[in-house]
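Chains as they are written, first to last, in my numbering: chain A, 464 to 768; chain B, 959 to 1216.
It is worth saying that the hints were derived from the structure and are not from the lab.
Treat the hints with care, since some could be wrong.
[As the list claims (entries may be wrong)] Each computed DSS-like pair below joins lysine-lysine, with the alpha-carbon atoms no more than 30 Å apart: (1) A/Lys639 <-> A/Lys619; (2) A/Lys619 <-> B/Lys1084; (3) A/Lys480 <-> A/Lys619; (4) A/Lys710 <-> A/Lys639; (5) A/Lys674 <-> A/Lys551; (6) A/Lys606 <-> B/Lys1084; (7) B/Lys1084 <-> A/Lys639; (8) A/Lys710 <-> A/Lys480; (9) A/Lys551 <-> A/Lys639.
Quick caveat, the model's predicted, so the values are computed rather than measured.
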Amino acid sequence: MTDIATYNFAYLDEQTKRMIRRAILKGIAIPGYQVPFASREMPMPYGWGTGGVQVTASIIGPDDVLKVIDQGADDTTNAVSIRAFFRKVANVAVTTDTASATIIQTRHRIPEHPLAAGQVLVYQVPIPEPLRFLEPRETETRKMHALEEYGLMHVKLYEDIARHGRIATTYAYPVKVEGRYVMDPSPTPKFDNPKMNHSPALQLFGAGREKRIYALPPFTEVVSLDFEDHPFEVQTFDQPCALCAAKNVYLDEVILDDHGDHMFVCSDTDYCEKRRGDGHRGHLAPETDLAPETHSAPGNMEPAQ
Amino acid sequence: MTDEPLLRVSALSKSYGSRVGCDNVTFDLWPGEVLAVVGESGSGKTTLLNCLSTRLLPSSGTASYRMRDGHFRELYRMSEAERRFLMRTDWGFVHQNPADGLRMTVSAGANVGERLMAVGDRHYGKIRATAVDWLSRVEIEEDRIDDEPRAFSGGMRQRLQIARNLVTGPRLVFMDEPTGGLDVSVQARLLDLLRGLVTDLGLAAIVVTHDLAVARLLSQRMMVMKDGRVVESGLTDRVLDDPRAPYTQLLVSSILQV
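Chain A extracted, bound-state conformation (with noise of 0.2 Å):
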């Protein structure tokens, strides 16, 4: 890289990554709570993960492996774009695996693999404020976080409920941290919700054009909002993934040909790979051995430039 000088580590300068520091380090002392922050413009649109890119930028060092995914996959657009915008500014190594990650920007899913002590999770967000749609005042949202008026939370639920007979709620479902604080949990399916309840990694939120940052420190209580007599349930899937033959994952739904067929499939791509990397496959799977055509085979680990 020969225009590596042109720009400051990380992109931000060095003011920015403080005062974002500061936001974050303000987010983790209080669980759940919107800190607002001078968001900057970025070298992408808002809803790009302007957000998740400016937390991001503010945690990394030259030592940290970054993993960037989007809704569960390493290789769409935006993930590939930003693992490379972060390779070229701040020149570190980035990888596909979740464990050997130090930093994972996430757009829309947390890694099936379970998240280990020091690691972080960049959550991009793209409204930071679960109470939006039942309240559009800004001011009067932050007076309920304030005093903990969130009766409103339940009325959408029952919403639900007396249209669809169940919680129709399938992401973005609302959450109390710490018994204080509700918050969204930013368009992760509801499947991940109780992922995020005592997660040894430090889970951090940046929402760029609505300027908040929220975080859940270490072993945090994550409750999902429910009914007693409709308590929370994740999704599940009445078949294995096509590809990889797991279950108890995420899948997502892929359309195969102009008939209709179709399969499901793993939306952490990752952790499908390492699976059919240790030999596990679904019905769908092709019977030659995979080991050309993945491009990432286990710990595959892209070094630093």
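Let chain A serve as the given structure and place chain B on it in line with the hints.
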């Protein structure tokens, strides 16, 4: 139980700069009593109601409310959290325009259930059963429970607003022109319903109205306001049948006879 008032108001004044909203209003309200505040537009009735319900802070004066534990609390010294809790449990506020008091984009059932959920009710079946019960008490059919108030007529919206306010069993309800904007037959049924509910539940209420007939039907006691001051107060029948203040005499004689 009734040897102490529910609400004590003393020398309450609210001014908007040099303009007077209400001036030096003093009265006691007793449990189960309905007090009507009447007067022409701009006489300060609504300012008074907003001050009492802590939606506005007065310029001077005090109001203390007897909490459920029997102790009087000074309303304007309570924290905002306490006031808001009081407002959604022990108090109700019926707006003239139901759209101000309802959530127009959630179903009737959720509108009634919101207060229950706000105080920690977490059982869907029980919340819904309570909502059904309250809808029937305000004469809304059970099969409308999942409709949004937007699909309701004006009279139904007003009845829904009343159910939403009464579901937590409040002891004091503020009403701002509860029958304003409704046609007379709907008004009559709503008044009938309100009178029944107030009697059955032993509610205390402060009703602001410019309609003396409404005051006559609902209230036991009334205050007549003019230019922010109380010009006359007393038992409703006495004030209406034997008005003493010149302004009250004018007001009573201005009623159109059909």
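Hint check results:
no., hint, in the structure
1, A/Lys639 <-> A/Lys619, "15 Å, holds"
2, A/Lys619 <-> B/Lys1084, "16 Å, holds"
3, A/Lys480 <-> A/Lys619, "37 Å, violated"
4, A/Lys710 <-> A/Lys639, "28 Å, holds"
5, A/Lys674 <-> A/Lys551, "25 Å, holds"
6, A/Lys606 <-> B/Lys1084, "29 Å, holds"
7, B/Lys1084 <-> A/Lys639, "23 Å, holds"
8, A/Lys710 <-> A/Lys480, "41 Å, violated"
9, A/Lys551 <-> A/Lys639, "38 Å, violated"
This entry does not satisfy hints 3, 8 and 9, going by the numbered hints stated previously.
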